[in-house]
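Q: Residue numbers (this note's numbering), protein chains in the order written: chain B, 2 to 281; chain F, 19 to 367.
The hints are simulated quantities; they were obtained by calculation from the structure and are not laboratory data. One or more of the hints may lead you astray.
[To be verified] Derived DEER-like restraints, expressed as beta-carbon distance ranges:
1) B:Pro40 to F:Ala178: 15 to 25 Å
2) B:Arg63 to F:Asn269: 35 to 45 Å
3) F:Thr151 to B:Ser52: 27 to 37 Å
4) F:Ala178 to B:Leu194: 52 to 62 Å
5) F:Gln272 to B:Thr12: 13 to 23 Å
6) F:Val351 to B:Asn50: 44 to 54 Å
7) F:Thr107 to B:Ser42: 50 to 60 Å
8) F:His276 to B:Gly184: 48 to 58 Å
9) B:Asp173 to F:Thr151: 35 to 45 Å
10) F:His276 to B:Ala265: 39 to 49 Å
11) B:Thr11 to F:Leu201: 27 to 37 Å
12) F:Thr253 to B:Ala264: 18 to 28 Å
13) F:Trp115 to B:Leu194: 43 to 53 Å
Ideal Cβ positions, reconstructed from N, Cα and C, are used throughout, including at glycine.
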Amino acid sequence: MTAVGRSRWTTLLLYGSLTVLAVIWLVPALSSLMIATLPLSQTRDGWWNLSLADLTFGNFARAWDQGLSRYVVNSFIITGLAVVLTVSAGSLAAYAYARMAFRLKATTYFLLITTMIVPVQIILIPMLPWFRTLGLNAGPQEYLGIALVHTAFGAGWAIFMLGAFFAQIPEDLLEAARIDGAGWFDVFRRIALPLALPGIVSFAIIDFVFVWNDLLLALTLLDRAHQPLTVGLANLQTPHLAQEDLVAAGTIMAILPPLLLFAALNRFYVRGLFAGATKG
Amino acid sequence: MASRRTTTVAPTPPETAPPPAAPRRARSRPERFAPYIFVAPLLAVFALFYLWPALVTVLSSFFRWGLLRPWTPVDPARWRFVGLDNYTTTLTDPSFWNAVLNTAIWLVVFPLLVVGFSLLVSILIWHTTRAGTVLRTVFILPMTISLAAAGIIWTFVYNADPQIGVLNAVLDRLGILGADWRLGPLELHPGAWLSNPGVLHLGFADLRLTNLALIVPAFWAFTGFGVITITAGLTAVPYELVEAAKVDGANAWQTARHILVPALRRPLVVVGVVSVIFALRTFDIVYVMTGGGPAQDTMVLALLLWQQAFAFLDTPQGGQATAIAVLMSAVLVAGSWPYLRQLLAGRSR
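Chain F on its own, in the form it takes in the complex (with noise of 0.2 Å):
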């Protein structure tokens, strides 16, 4: 699902106060129990709804078992322990590639679309002497709207029927409608959106376009969060530095390239991370517009798991649902463990 979208707009990092350093009077017993106290009601729900549940999955997917006999950790007599078997199973299963491939597809298009254009969006308002507030509004709006809720926009957007589809009436104005275009590799079916828009024929891989019609709806979905991120970096860059800049004779794409930029590091940063995130956790917008299909051509690996989890109740693939979410974790993990270890200097600063 959308990550928490709105993350940055919070200040920084909460940097702990250092605690009262010489106590005036001896803390009495309740005082000193304080702090459990405070923190108990939210590390409760927490042990109970994730850690526990965390745990149970990463323990079942050494076991062999279905949703109709769930694996339990109260119940020895019906563990049917596999070892690693789940995870092997999982790696030389053809359909678990097709989705971490649909997935890559994803983790490259997705921040790059993201980091560009809110990039170049904020960078252009910047420029903007009047309607600035309102034109930015015009991009952040879309953040507050539920990717589900995105995907049945944009399945309108995309309808078949050039009578429904406003894309599909415009090619059909332009007169490609229904073209059938080879250019070398590539092959284009402009108007089939949904169902099949066209392959990259690698010769090892086919990359299917039809992720590309869903990675833009998340991407119109997400780009505000980048144009509120990178904007708030924005204000910190002097203007009279880009002037200067323009003094001294920098185009704008100079002056793009070397002050901008690099002022907006860290902004840019957080943009790249958090969309890696949220391409990598990808469901929603999948679930709805075209559950994985045609075939398998959109399938991604968030998608897969749960189908294997709930939506075939008579194949005992729990044990490999559990065996992806597993993988997923680590990887989302251990690829924004720097980023991590940052968050958490930052609160002891």
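Next comes chain B alone, as it looks inside the complex (with noise of 0.2 Å):
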């Protein structure tokens, strides 16, 4: 942006009101990082006092040791395969609402989208007898339940955002491929999936932070043996307590990896996008 005239005071007011903003958006990030890095007694006198000689990685250990390891573990099985099955039923079925035409497309598709809108409570109520029902109440099967759900929630996501994707394909890609006597599924695997695989990669992404930050269905479907670290963070705050340095800690291993990801996300979508420009 150029800023044609623009007096200093303007600048100074613009830059000095954005610089505290973001100060005030970072401060309480900064004091959950703080207080899990340093020493309870430390953090009882005010983090902000801090002397940088205190900091240490003692609370992670122990964090780590008091079982919050076993919802690290559950949440990367429960988050791996929600996604998988999330982004392979999701891009087959996407694929098919942007390119082909079949009975009832648009009375499915509404259906699907409403998973965008109603709220989750709307299935949680019968959803436990029914896991009973299922098989999918007790043991290693609980993940699977648990998946699937997250699955048929994310199945409106899936073929909105997915469907972008596999629309902006050119069909002469597509019907030279078919007239070379390629079938649906090879024209699928062979010329759409490659080519919409940013955009794939880009909505797993999403869906990874979206289940991994999940609280309500874990909580409400899972027994203790299985459940995820937003549950155990929940778990861990009791007020009566004290054991701030672990919840923090907790609290700073449970926004990393989606954090992470996001990072690595911002990238993605760089580096798509000058793809395009530069095959043009």
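Put the two chains together into one complex, using the hints given.
A: The following block contains the structure:
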């Protein structure tokens, strides 16, 4: 942006107000990071009075040993499974909705889209007995159960977002392959899938963040041995127990994976755009 | 939970490609079934884990049952049909209306905060010539944080002890920690963020400001979505237009009011609608930070129905919980109907 004829005072005001807002925005996260990396005694004395020599990773180690490790493992299993299921079933369906004609297309599209709006509570209440009927209520099957619920609830976003990427593929490319005698599935696998890959990766990352951050489904559907980190944090968070250090360390652990992925997503977008520009 | 927040980063809704005009060769049998095979896995999961349970929820809201003896569609011998009783009980229950009031506070305050603040920040950053990306990242980053974690982060900020909570440390320095103010109908207790920061007495109802203390963390976590969406909209506004307005003597406010906001109508509507949906579904933050308390001061609908269904095993309130779930979903679908229609229309454009 050019700033023709902007006075020095306006510029100062602009950057000044933005800096103040940005600092305010960072303080909450910073405060957790400090509590997580300081001994509890220092936290009790105001983390802002810290001396850098006190910084420690001990809280993370203790939080890990005191049971958070299990929650972290569960989080990765549930999230991985849910993302794989949603992305594979979602890309197939999104491709059909974007490029094919079939019966009941508009109706089923509408029903799938409602998952973007309706609260999860609409399915939550009968879910436990239903899991029992399906044999998904105990043992490792619980992971599959909640991953399938995440797939169902991610269905709307999957066909909406992935469909947009499949819709951008030029019809000529698909038609050419079809004339060469490729079947629908070959066209999908050899042409459409590679071309939509950047979009699929972005969707996978967004879905990862969403599933990783879920509290409500996990809290309701899983027993203690299979709960993810969000539920673990909610369990740790009891005001009477003096363990701010452990809670903060757990919070930082819960924040990191989506944050790192998001950083990766940003780069991915930029690279995708750049590739598109050079290939023209 | 967080709605999937990065929605509108995605391009426009999928446009249906016209079906291949005249098939150059007769499609073979498997070709004709291809679309159904493509959609089958997703629709199967969708039917089993969304449609069917949702249907059971709606049906079971007309029966009396509790969690220990859940309603089941396959065992008519155990049905206790009560018609609309669950709905009338719910609609005459003071705790339901208390939750409606608190949810209404969310519905009004949260979208206004998100839309207003992300509009302000996006426009400010748009005017910068340097460090724009860094500044934008600061406001976008909390978006990846789960609401459960955001709630915990803010309980540290709100901690009543001025040696631990940064907010009360500031109030302490200013000498207003623990003050007790009354300004007409408004009662304020700065420092008691999560117990009772204040009440607005309206005569017919008391609005608990504790809800605002919970809305702030949600707003903190959600604003990134607004900033991304509005920034994307701003890239379409030619900067020359703003320069021209300035030459014509328009001040910053007039420029924003008459040029930027009209140009940003679509992204603003998207942010507004998504944050309304988000506000009505609020659960995580309240569950983690206050559990609906103290007393019922911060109870919202999503948490109330969850407690009725899962937390109190001894009361047969399952039917009422499903009634609330049905009412909430109906309100959400009806409310977002125009938006949905637009979305679906865009698809077949």
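Q: Taking the hints in turn, state whether each one holds.
A: Okay, the hints, checked on the actual structure:
Between B:Pro40 and F:Ala178 the CB atoms are about 21 Å apart, so this pair conforms to the stated range of 15 to 25 Å. Taking 35 to 45 Å as the suggested C-beta distance range, the pair B:Arg63 and F:Asn269 does not conform, at roughly 56 Å. A hinted range of 27 to 37 Å for the beta carbons of F:Thr151 and B:Ser52 is consistent with their spacing of about 33 Å. Restraint check, F:Ala178 to B:Leu194: a C-beta distance of roughly 55 Å satisfies the suggested window 52 to 62 Å.
Taking 13 to 23 Å as the suggested C-beta distance range, the pair F:Gln272 and B:Thr12 conforms, at roughly 19 Å. In this structure, F:Val351 and B:Asn50 meet the distance hint of 44 to 54 Å, their C-beta atoms being roughly 52 Å apart. Range check, F:Thr107 to B:Ser42: Cβ separation about 52 Å, and the 50 to 60 Å hint holds. Distance hint check: the CB atoms of F:His276 and B:Gly184 are about 56 Å apart, consistent with the given range 48 to 58 Å.
Restraint check, B:Asp173 to F:Thr151: a C-beta distance of roughly 37 Å satisfies the suggested window 35 to 45 Å. In this structure, F:His276 and B:Ala265 meet the distance hint of 39 to 49 Å, their C-beta atoms being roughly 40 Å apart. In this structure the hint that B:Thr11 and F:Leu201 lie 27 to 37 Å apart at CB holds, the actual value being about 35 Å. A hinted range of 18 to 28 Å holds for the C-beta pair F:Thr253 and B:Ala264, which are about 21 Å apart.
At about 52 Å, the CB distance of F:Trp115 to B:Leu194 agrees with the hint of 43 to 53 Å.
Checked against the numbered hints above, the structure breaks only hint 2 and satisfies the rest.
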